[in-house]
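Residue numbers (our numbering), protein chains in the order written: chain A, 1336 to 1534; chain B, 145 to 756.
It should be emphasised that the hints constitute simulated quantities derived from the structure, not laboratory data.
Bear in mind that the values here come from a model prediction, so they are computed numbers and not experimental data.
Honestly, I wouldn't trust all of these hints.
With a straight-line cut-off of 27 Å between C-alpha atoms, the simulated BS3-like cross-links for lysine-lysine are [to be verified]:
hint, chain 1, residue 1, chain 2, residue 2
1, A, LYS1340, B, LYS146
2, A, LYS1403, B, LYS398
3, A, LYS1340, B, LYS398
4, A, LYS1482, B, LYS688
5, B, LYS455, B, LYS398
6, A, LYS1508, B, LYS146
7, B, LYS455, A, LYS1403
8, B, LYS688, B, LYS519
9, A, LYS1514, A, LYS1482
Chain B regions said to be covered by chain A (calculated; three or more residues, Cβ under 8 Å) [said to hold, decoys possible]:
hint, stretch
10, 304-318
11, 381-393
12, 465-479
13, 498-510
14, 698-710
C-beta: ideal position from N, C-alpha, C; glycine also.
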Amino acid sequence: MSPQKMNFMLVGVGGQGTLLASDILADLGVRLGFDSKKAEIHGMAQRGGSVTSFVRWDRQVFSPIIAKGEVDILVAFEKLEALRFLDQLKPCGLLLVNTQVIEPITVKAGDSLYPAQADMQAAFEKTASRVCWVDGLALAEKAGNAKASNVAILGALSALLDSPAEAWLEAVKAHVPPKAIEVNRTAFRLGREQLLVEV
Amino acid sequence: MKRLLSGNEAIAYGAWEAGAMVASAYPGTPSTEILEYLARMPGIYAEWAPNEKVALDVAIGAAYAGRRALATMKHVGVNVAADALFYAAMTGAEAGLVIVSADDPAMHSSQNEQDNRQFARFTRIPCLEPSDSQEAKDLTLAAFDLSEQFDTPVMLRVTTRICHTSTLTEVGTRREQSTRIDKYPRNHQKYVMVPANARKRHPVNEQRILDLAQFSENFAPNWVEMRSTSLGIISAGVAYQYAREVFPEASILKLGMVYPLPVNLIREFAGKVERLIVLEELDPFIEEQVRLMGVQLYDPKDAAGYTPHAKLIFPITGELDPAVVRQSAIRAGLIEAPVQTKMQGPIDLGFALPGRPPVLCAGCPHRSTLYILSKLKLPVNGDIGCYTLGVTPPLNAIDTCGCMGASIGVAHGASVAGDSERHFAVLGDSTFFHTGMPALLNVAYNQSNVITVIMDNRITGMTGHQENPGTGQTLQQKETVTIEFEPLVRALGIERVLTLDALDIETIEKTLKDWVKLDGPAVLITKHGCALLPEERRGWSTLKVNGELCNGCTVCFRISCPAILKSEQMDPKYNRPLALIDPLMCTGCEICARVCPRDAIPTREQMLAQEV
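Based on the provided sequences and hints, a complete structural model is requested.
Here it is in structure tokens:
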């Protein structure tokens, strides 16, 4: 799939770097010649709550919010969050899931159960036309810093979009501190290569 | 070159380009970042004020002194600042005066979803409303010009989806403004609002709003887009984007100024379309005024599935989005329902999804006090801040929470009413400075039995670490005085005052239990830096549960720490899970170690002793 009009939704948990990833993705849209908008809800980002953002690319983007059922690619930084926002995906949409598990307080307190992998997998496959997995944390650790897991996930997304790595890396560079550029570059490559191999 | 800017950053650029010289605010989601961006721009003085009323007074004073000035706040902040807004509407100023109201439809981070366009009508000042970041910047610039042209404060009303959405925006250069006057005004008829002068000002203001209505007819940010004439839409703010998306064929009257409205422009537009609707979020603000003009709006009451409510077509509560707009339009018979084949139906998982509510962070210094309060089982009147999260299970420690500074007054009221239980008020450092101080003065003056706990975490936490009078630093990173709570509380007339380390849970428990038995007001200050502050992070370490001592008694689960998990290992005697500490989250605050009845979680000191 080459980049075209795109509706991305990024979901995760506070502290996972979803908002920075959204900034990079929105910026990339501009670099690829699109009008681009990014909307986020981050009021509770630091307190373990769900964090969601929308990134839209088009010739002209109007609404910053994507209507339910119109997300082309759902990028979930955490499995349970993928499940929570699955109904935002359009019927032939793609799902990219980070394998990381972050148990919410409701599970830790024993009030509810974290869904079983098989159940999640089944729901994902029933809904999305294609489900891709990436272990962002492991790849980022391999690259030298666990914090770069968000960029490793973007690397995997870049493979899904079949877009040139150069534009992505320029967008990454513009949003991370200078001393973190190399680690993020490596994390991006690892994420991209992993998914390219799978494809 | 165009750049992706959030609405908040765009407003900051707008104020800077407009040559604003003074900006004052109290932090509040979704407005906070405006001042944080402005504070880093050259040539502008930017400050955190203790509350929004002070912030607006400051901006008014600067504008009286002939400097363009800005006050920013979240929607409920305007309630606090309303007194100042009303007199500023009466006096006008010598230079541009802009107030930014950041409303929060859907209450992503607020206690209500009031529509502050109503304040513009209430105070008779113009209200501008952008629909993306470029317009946020352009209308900020326009607001300053308008303010000076009509001698009025101007409200720029934005919403969460404008503040926290990034869209392409052209950044310009600063238009330096010379100070507009040589000397602070001594114009008593205009600036001293004693009754004799105020009576003369009121008709001036009513004439001003009529003049503004005339002006709005040709105000460029009010524009008409003619497409098909079968449907016309009057819209403003982010709702305009939904109008473009859901009704690509419709003609649109896009309003950049939502008060006062351009009557002739609206009539003219109404005359060109077969059906006319208003698409706006929250209150039927434009809709009601258009109907008062005698302009006929499309009334869907005959459409199938239509249920009448306070607005003709779209919901009066919550946030709009393209899906909500489309659904409402289908119900009202404005558009056809799509063929269902390509829609994603609701997904039946066959099992319940665990919620992910926000929680007090691991290491939060509020946790210990909230845990003790939950154990005391006495009524706790809460306030606005991170500690409000103490309402969630298993703490269930907060019983009321209404607005900034309400805790102490509410506790006092219940107490003087003769309620038989002992009342607590809890609030944070910044909230105490905001509006807690006068309420505590009242407790001291009228000697109620309220026990107030000031949870001093050395920062304004909930909005993301803003400086306040207790932090020793200003918004622009200047060293300044640090206001100490204990002498301040004593000066307010409270004699029983104690400051404790917020992590010293045993002494906090003992103190509160002792105080409950004593008559008279008291204030406990529980002081410890927010666990997320850089200096606190440097001291983070990880605790471990000793599996041989833990018997799964669950006491440590009750402190509601996200770092404490249930292990898969079971206690053989009671067959219940042992506690486990998540090493990635634990900060080593030791609250769990201190509440553990079996000393199964060694403190850092105990661990060191074992190693030696």
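A quick look at each hint next to the structure:
1. A:LYS1340 with B:LYS146: Cα-Cα ~20 Å, so holds.
2. A:LYS1403 with B:LYS398: holds (25 Å)
3. A:LYS1340 with B:LYS398: Measuring from Cα to Cα gives roughly 26 Å; hence the hint holds.
4. A:LYS1482 with B:LYS688: Within the cut-off at roughly 24 Å; holds.
5. B:LYS455 with B:LYS398: holds (19 Å)
6. A:LYS1508 with B:LYS146: This hinted pair holds, its Cα atoms lying about 18 Å apart.
7. B:LYS455 with A:LYS1403: Holds, at about 23 Å.
8. B:LYS688 with B:LYS519: Status holds; Cα separation ~25 Å.
9. A:LYS1514 with A:LYS1482: Holds. LYS1514 of chain A to LYS1482 of chain A sits at ~13 Å (cutoff 27 Å).
10. 304-318: holds (count 7)
11. 381-393: Three-residue rule met by the stretch 381-393 of chain B, so holds; n is 5.
12. 465-479: holds (count 4)
13. 498-510: Holds, because 8 residues of the stretch 498-510 of chain B bring their Cβ atoms closer than 8 Å to Cβ atoms of chain A.
14. 698-710: It holds, with 6 qualifying residues against the three required.
This entry satisfies every hint, going by the numbered hints stated previously.
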